[in-house]
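Number of protein chains: 2
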Amino acid sequence: MRYELYYWPSIQGRGEFVRLALEEAGAEYVDVARTPRGMKAMTRLMERRAAGQPPFAPPFLKAGKLVIAQTANILFYLGPRLGLVSEPEPARLWAHQLQLTIADWVAEAHDTHHPIAGSLYYEQQKAAARRRAADFRSNRVPKYLGYFERILKSKGSEFLMDKRVSYVDLSLFQMIEGLRYAFPRTMARLEAKHPRSVELHDRVAARPRLANYLSSPRRVRFNEDGIFRHYRELDS
Amino acid sequence: MRYELYYWPSIQGRGEFVRLALEEAGAEYVDVARTPRGMKAMTRLMERRAAGQPPFAPPFLKAGKLVIAQTANILFYLGPRLGLVSEPEPARLWAHQLQLTIADWVAEAHDTHHPIAGSLYYEQQKAAARRRAADFRSNRVPKYLGYFERILKSKGSEFLMDKRVSYVDLSLFQMIEGLRYAFPRTMARLEAKHPRSVELHDRVAARPRLANYLSSPRRVRFNEDGIFRHYRELDS
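Protein chains in written order, with the numbering used here: chain A, 2 to 237; chain B, 2 to 237.
Just chain A, same shape as in the assembly (with noise of 0.2 Å):
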């Protein structure tokens, strides 16, 4: 199955958690919206009104006839065919859920910038930003980041499912990634004390390829117009 990725084409943004996935298994896939005329053919899925099922919003996946929405959606049908996850329903829903919490976490590490409003520009919401940030960096990280790490630790195994990667393994590795781009100082202070994520982290980057993912043109650079974005002001 050659799989086609629609995603806005400049930043990592939640494209990220399926482009990791593919890439992990070697899997054939386009990522339509960086090839030529690919933003057209974006544009045109997502406003055909006859197919009756279009998505809210990029990323989604082309796989045969199937155009499936929702990050999380995707690694679900992706999961047991790229061999990211095992074939028992307990297994799936399990992963899914850890997958479900990591969106939730994502969408707060975006709010952080954005508080107020996707419509409006950062410099708009400054003020808010700062104390959402403030918040986030204090009790959310680790919150999240201790909820990882206590699965981690209750297993005391390589990856978050068991003995084998998962899609879980990868979007945890690229959360941390993202953090730690964003919130340089929070996540220093932060990592001594979650070990095992850290560790899976750096499993995750190290494998084959993924390292070869990480350091080609393949891997958009993050930068201030994604969802893990860099601001001084929001990390101190």
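Just so you know, not all the hints are guaranteed correct.
Any copy will do: because identical chains look the same in the list, a pair fits if it lies in one copy or spans two.
[Stated by the list, open to error] Cut-off 30 Å, straight-line C-alpha distance, at most; resulting in silico cross-link-like pairs (DSS-like, lysine-lysine):
id, residue 1, residue 2
1, Lys127, Lys144
2, Lys156, Lys66
3, Lys144, Lys154
4, Lys164, Lys66
5, Lys66, Lys154
The hints are simulated quantities; they were obtained by calculation from the structure and are not laboratory data.
Fit chain B to the supplied structure of chain A, relying on the hints for placement.
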């Protein structure tokens, strides 16, 4: 199967989306935290480290040995078992995609009164709340409502998925209920433009089991501790 639902006893919140599905299906279930010593049972289950699969937050559902958290994940599991979605994978993924879009909408509804931090009182973030609510009313509610309206229009059917009611229809009903409570003026203005969504809401409310549930003491009243809160100043 006798299901056990775990959720905060004094609010509708996210648990309500699960309650509606269980009620519509006439499923046997216990709303555990609303029984004597139920809150203790809920806390114990969340802290039980041995299980290795702790929920991050309520709601969660106990189904035999399975403990499933994340509202949309619970509904994904229950859907086919309660006859509230068709069995084939494409239908289940499409329903889930819509449910995840509703989950995003719910989070945004919550953040209108808590744009800075869940750990602070509304009164401590009132100015930011006014601004966020203004954007929610003018941009976000029309965008989400318009999305579902467009699907209903293109389908031309009584319900979102097909001719039979699905858990997504129940959730859209609940969104409209919640928004009417929290933002009555906004909804009075918007409803005429979204006739199919309003009709779907009424169709769901008139279903015998749901009508019975909605007028029973099992339905918690909307209040200012929940996700949908009525603050006059946020609806002007």
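| Hints violated by the structure (listed by number, smallest first) | Violated hints: none at all, because every hint is consistent with the structure.
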